[in-house]
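Q: Sequence:
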Amino acid sequence: MPQIEVGGAQPYTVTVETGALGCASVPERRVALIVDAGLPAGWTLRAEQAFHPELTIEVPSGDACKTLEVLGGVLSRLALSNLPRDGAVIGLGGGATTDLAGFAAASYLRGVAYYSVPTTLLGMVDAAVGGKTGVNLPEGKNLVGAFWPPKAVWCDPELLSSLPPAVFREGAAEAYKHGLISDPSLLPRILSPDFRPGQPGFEQTLADAVAVKASVVTRDLTEQGERAFLNFGHTLAHALEAVTHHGVSHGDAVGYGMHYAALLSRELGGVDLSAHTRRFLEWQQPRPLPPLNFDELNAYMARDKKADSTGVRFVLLHDLARPYLERVPETVLRSVFEVWQSEVSSPVSH
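Residues 0 to 349 (numbering that gives the first Met the number 0) make up the sequence shown, in order.
Don't read these hints as lab results, they were simulated from the structure.
Just so you know, even glycine gets a beta-carbon here, dropped at the ideal spot from N, CA and C.
Errors might be hidden in some of the hints.
Label pairs and their calculated CB-CB ranges [to be verified]:
1) Glu4 to Pro164: 27 to 37 angstroms
2) Pro83 to Asn292: 28 to 38 angstroms
3) Gln48 to Val331: 25 to 35 angstroms
4) Gln9 to Pro83: 18 to 28 angstroms
5) Pro39 to Phe293: 17 to 27 angstroms
Using the sequences and the accompanying hints, generate a full structural model.
A: Shown next as structure tokens:
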């Protein structure tokens, strides 16, 4: 099977191949499985046949699971089942589910083994790899969490076959982002008609997108440097999610956020890459945005995790595969926001 190694202090392997779930196993004898309640029953059954959990915990789909209340319920279930320190937690679901499951594993008994089986494209190329776990607060996205790398990740493209087309396209935003910041060869491949499960080359493109993140987090697990580049487009994206109470999905928000970041990059002297992000929005067909207020969004952007004591830093691009971090004056953020808003409000992005 194609395997991608993630290095660092706690190395692990990401397996990318159709049928990977059927070949998965863990050494721990006592296992709890945390599952997205919206998954097809067949995927949960296959995971239970692979891992033989003594406890299966269903959690709400999407960001509805990423709350302190849901986390507390999961931890209580683990405690009531007497899951031991040498047990394991396995997350099965999209990026929100794996974020929650990983944080539960990091928190319970101060840390038990964690394994990830992402079931969405977004989860496979982003959330399940890299060890970032956490939940949201009303004040913002991912403000509570821990770095807790998984012991292994299984990306089985067969699990993507049941995704609605819009959800699949949402997840492609993270893969396209990897093309913009690191591997431009991904850009035309993602927009190709063959970029879907079962088509020639799909698994290789998926593996190449995963490899971008694996390479970055190997060098910078805790986001002291270049890992921040993986947040290209995310400063506005997380604000869009927060201000709409997750009415805008993460993938759609990242699509919109990448276009804003491309426009900012152009404004600050970078190569104009907005045609690439505009083309992606045309392909992605995100949901139209509701009326937005810059000041309200800016309040959430100010809480972004890339912010430090001197202000908010944006990930921008000098050119393809040449990202950098920059503090952008509010006057520029506001003026470019007006340009961005007029462009994403046009019918072509719907």
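Q: Now tell me if each hint is right for this structure.
A: The hints, checked one at a time:
{"no.": "1", "hint": "Glu4 to Pro164: 27 to 37 angstroms", "verdict": "holds, 32 angstroms"}
{"no.": "2", "hint": "Pro83 to Asn292: 28 to 38 angstroms", "verdict": "violated, 50 angstroms"}
{"no.": "3", "hint": "Gln48 to Val331: 25 to 35 angstroms", "verdict": "violated, 54 angstroms"}
{"no.": "4", "hint": "Gln9 to Pro83: 18 to 28 angstroms", "verdict": "holds, 20 angstroms"}
{"no.": "5", "hint": "Pro39 to Phe293: 17 to 27 angstroms", "verdict": "violated, 41 angstroms"}
Checked against the numbered hints above, the structure violates hints 2, 3, 5; every other hint is satisfied.
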